[in-house]
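S.K.: Letter by letter, the chains look like this.
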Amino acid sequence: MKSKMSCLTMVALMCAIGILNFGTVSYAQDKVIKVGGELPLSGPTAPTGALNKRGMDLAVDIINNKYPGLTLPFAETEGIPNLGGAKLEIVYVDDRGDPNVALAEVERLIQQEKVVAIIGGWQSSCIKTGSMVAERLKTPYISGAGSSVDLTKRGLRYYFRLIAHSGKVARAYFDSLQAMEKRLGEKYKKVAVAYENTEYGSVCNEQLENEAKNRGYEIIASIPFDSTAISVNVEVQKIKAAKPDVFFQIGYDPDAILFTKTMKKFGCTPPVWYGMAGYLSPKYIPSVGKDGNGVLISGWFHPRFSKPVTQKVGEIYKKRYGKAMNIPVALNFMTPFVIADAINRAGSTDKEAIREALEKTRFTADQNIMPGPGIWFTPVQPPPKHTHDNEGVSMLVLQIIDQKVEVVWPFDGKTAEIIWPHPKWSEK
Amino acid sequence: MDATVIIQLFVSGLTVGLLYALVAIGLTLIWGVTDIINFAHGEFLVIAMYFGFFTYSLLGVSSILAMPVAVVFLGVLGWIVYRYVISRVLKSENILSQIVVTFGISVFLQSLFLFLFTGDYRSVDNDPWIKGDVQVGGIFSSTPEVITSILSLVVIFFINLFIKKTYTGKAIIATSLDRETAQLMGINTERMNSITFALGIACLGVGGVVLPITTHVSPYSGFLFAVLAFTIVALGGFGSVVGTILAGVIVGMIQTFGGFFVEPAYKYLCVFVLYLLVLMVRPKGIFGW
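Chains G and H, in that order, are what the protein sequence lines are.
Taking the working numbering, the leading residue of the first sequence gets 1, the next gets one more, and so forth.
Taking the working numbering, the leading residue of the second sequence gets 429, the next gets one more, and so forth.
Treat the hints as calculated values from the structure; they're not laboratory data.
Even for Gly, the Cβ is constructed at its ideal location relative to N, Cα and C.
A portion of the hints provided could be inaccurate.
[To be verified] Listed below are the simulated DMTMM-like cross-link pairs for lysine to aspartate or glutamate, each with C-alpha atoms no more than 20 Å apart in a straight line: (1) G:238 / H:561; (2) G:53 / G:315; (3) G:360 / G:135; (4) G:153 / G:209; (5) G:414 / G:175; (6) G:243 / H:691; (7) G:307 / G:412; (8) G:290 / H:555; (9) G:428 / H:553; (10) G:238 / H:555; (11) G:404 / H:553; (12) H:559 / G:291; (13) G:243 / H:430; (14) G:53 / G:89; (15) G:187 / G:135; (16) G:264 / H:553; (17) G:424 / H:561; (18) G:290 / H:553; (19) G:428 / H:561; (20) G:290 / H:561; (21) G:190 / H:691; (22) G:307 / G:350; (23) G:114 / G:89; (24) G:168 / G:135; (25) G:264 / G:366; (26) H:559 / G:427; (27) G:87 / G:107; (28) G:318 / G:350; (29) G:264 / H:555.
[Unchecked claim] Anything over 10 Å on all C-beta distances counts as not near chain H; from chain G, calculated: (30) 179; (31) 190; (32) 237; (33) 261.
Could you put the whole structure together from the sequences, leaning on the hints where they help?
M.R.: Structure follows, in structure tokens:
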């Protein structure tokens with residue numbers, strides 16, 4: 001009888017300890033919600049990866065602490081309200097700019113780190129493989145970058161994209177070009193494109209070619225180059241011989257610098273020169289100096305863009321890091337807000353509930369630092385229609401003027417007067 | 429087609445070809461004399477490139493000042509690698525081991541670079557001594573490329589002089605032609621091997637330090653240079669110094685003209701097609717021993 005009572009007491013005690021522990025663990029777990037952050041923290045685009053991280057870290061700080069006066073979601077609270085104020089935490093991985101590494105690291109984040117979602121991404125090729133793994137493992141993936149138009153044409157249920165895709169970029173380029181043609185009473189005809197040969201460059205080239213043909217321009221040269229090229233002498237000589245009116249150079253950090261140096265070496269100056277992501281690298285202007293003046297760049301963001309929330313966040317960033325916010329910082333800045341908002345509305349960390357909440361995302365213009373009316377996603381649609389592409393985004397065209405990046409189009413939102421045509425090397 | 433375009437292509441092909449020859453000269457000596465295929469040749473070049481970059485970024489001086497240090501360092505490193513790694517594998521007479529050992533050194537060096545310097549791309553953007561572009565008439569080049577071309581000719585001239593006119597040089601030729609007979613004649617062939625390996629690696633220090641001015645350096649930068657160096661060595665003939673410079677220029681020209689008139693994306697394809705054609709007609713290369 002006594003031994004039976006002892007056994008029962010022991011069992012009851014063990015159950016109580018187990019329940020308490022479970023409750024303790026569950027409570028501790030709910031206080032921090034882990035999401036995976038996939039970025040190139042080493043490799044050729046490491047400088048831009050580091051800036052992306054700064055933006056995401058600042059966003060998490062705003063979500064987890066009080067920032068009165070900011071109109072961003074969760075700025076007035078601490079943590080995610082519907083989950084008891086649970087804090088958001090990003091677990092970062094380095095994809096090194098390699099899609100194979102991205103695939104492995106995203107899988108590790110989901111399987112081992114048990115993150116509830118993946119945010120971030122910079123290179124389209126890495127986002128492509130990372131999001132495929134996330135889809136297989138039924139985990140939401142939100143990329144702030146990744147302009148390849150194909151990323152949202154795959155019909156994936158778990159992948160969401162914030163950035164304006166390359167089709168919209170191509171439209172903005174040609175809209176700005178035709179606006180200048182109208183202003184000057186000129187007509188440009190011949191277009192040349194040099195593009196890096198991964199997902200990003202190849203798809204962007206397709207969009208530019210489509211847009212050019214639809215608007216009556218002639219593509220006189222379309223030149224792919226290796227994304228890790230050590231020399232572009234032949235490519236530039238080909239472009240110079242073609243004598244284009246408009247030149248597009250689509251690439252990443254190292255090749256933007258390589259092309260600028262090589263075009264200068266061969267004295268090649270097209271009348272109009274558009275660049276893309278690589279020209280936004282923090283290394284570009286310090287490397288080429290005044291030789292970068294005059295390049296027009298696709299603008300997804302500008303710190304002096306006339307939105308109060310953009311300017312306020314820009315001030316916070318400048319105070320913290322000593323420099324103005326730029327596109328690589330801004331592009332993934334909103335991803336923590338979007339995922340936190342979805343988790344909040346879902347009221348849980350269940351991935352399917354988060355996914356359904358993401359589909360109903362609706363940010364207003366004041367809740368988003370990027371140009372455009374806000375953030376909302378297209379529904380799941382069969383290819384080739386876009387699934388979960390952000391419809392609330394708008395494009396700017398920027399230009400490097402006196403080694404600073406300014407908004408030059410749309411004209412009513414400009415921060416400086418456009419330089420046109422592209423200045424000769426001796427005039428820079 | 430404007431004649432200026434053709435002349436420009438010729439000048440570009442010549443400068444890049446001389447650079448390739450400078451990289452390949454060490455490989456042809458090593459391969460021709462020791463029969464070792466140095467798969468780590470590109471990685472030794474990357475060591476020189478990092479020398480050039482860090483001289484500029486840490487000391488703020490021209491990367492060309494790193495040249496004598498890089499040459500000596502690489503020469504000593506080459507001697508050590510031969511003496512303590514490669515010579516032991518040569519003694520085993522296992523051909524597979526001989527091939528794999530330099531491949532292993534290549535993988536080790538790449539991993540070491542990644543560990544020490546990360547995979548970030550680096551370049552020398554404003555060298556205080558070697559900067560600016562060169563224009564003669566309507567023909568363009570850059571100061572680093574002109575300097576590298578001159579260095580290439582100087583180095584190859586002195587190596588050729590060394591090989592042809594010195595006792596050690598003649599002993600190296602004898603070793604490469606017939607090792608056993610050379611031994612019978614009293615030549616220390618093992619010593620010739622180690623001198624050749626050291627010399628071959630040291631040559632990379634000359635052009636390697638200037639390369640970060642025109643391109644970027646990363647742990648994987650040496651791969652393409654190594655592949656092209658192998659092509660040049662096979663084309664020019666194993667162990668032939670004159671063959672190397674000629675083959676280097678031919679490769680530079682084919683890459684430039686082929687890339688321009690066919691398609692820039694196929695510039696290296698044109699080089700390898702030529703390589704296969706030459707091999708079919710003359711397997712030992714143009715001036716092979």
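S.K.: Compare the structure with each hint and give your call.
M.R.: Hint-by-hint comparison with the structure:
no.	hint	verdict
1	G:238 / H:561	holds (19 Å)
2	G:53 / G:315	holds (18 Å)
3	G:360 / G:135	holds (19 Å)
4	G:153 / G:209	holds (19 Å)
5	G:414 / G:175	holds (15 Å)
6	G:243 / H:691	holds (17 Å)
7	G:307 / G:412	holds (14 Å)
8	G:290 / H:555	holds (16 Å)
9	G:428 / H:553	holds (17 Å)
10	G:238 / H:555	violated (28 Å)
11	G:404 / H:553	holds (18 Å)
12	H:559 / G:291	holds (14 Å)
13	G:243 / H:430	holds (13 Å)
14	G:53 / G:89	holds (13 Å)
15	G:187 / G:135	violated (46 Å)
16	G:264 / H:553	holds (14 Å)
17	G:424 / H:561	holds (15 Å)
18	G:290 / H:553	holds (13 Å)
19	G:428 / H:561	holds (15 Å)
20	G:290 / H:561	holds (15 Å)
21	G:190 / H:691	holds (19 Å)
22	G:307 / G:350	violated (35 Å)
23	G:114 / G:89	holds (12 Å)
24	G:168 / G:135	violated (25 Å)
25	G:264 / G:366	violated (43 Å)
26	H:559 / G:427	holds (19 Å)
27	G:87 / G:107	violated (23 Å)
28	G:318 / G:350	violated (36 Å)
29	G:264 / H:555	holds (16 Å)
30	179	holds (32 Å)
31	190	holds (17 Å)
32	237	violated (6 Å)
33	261	violated (8 Å)
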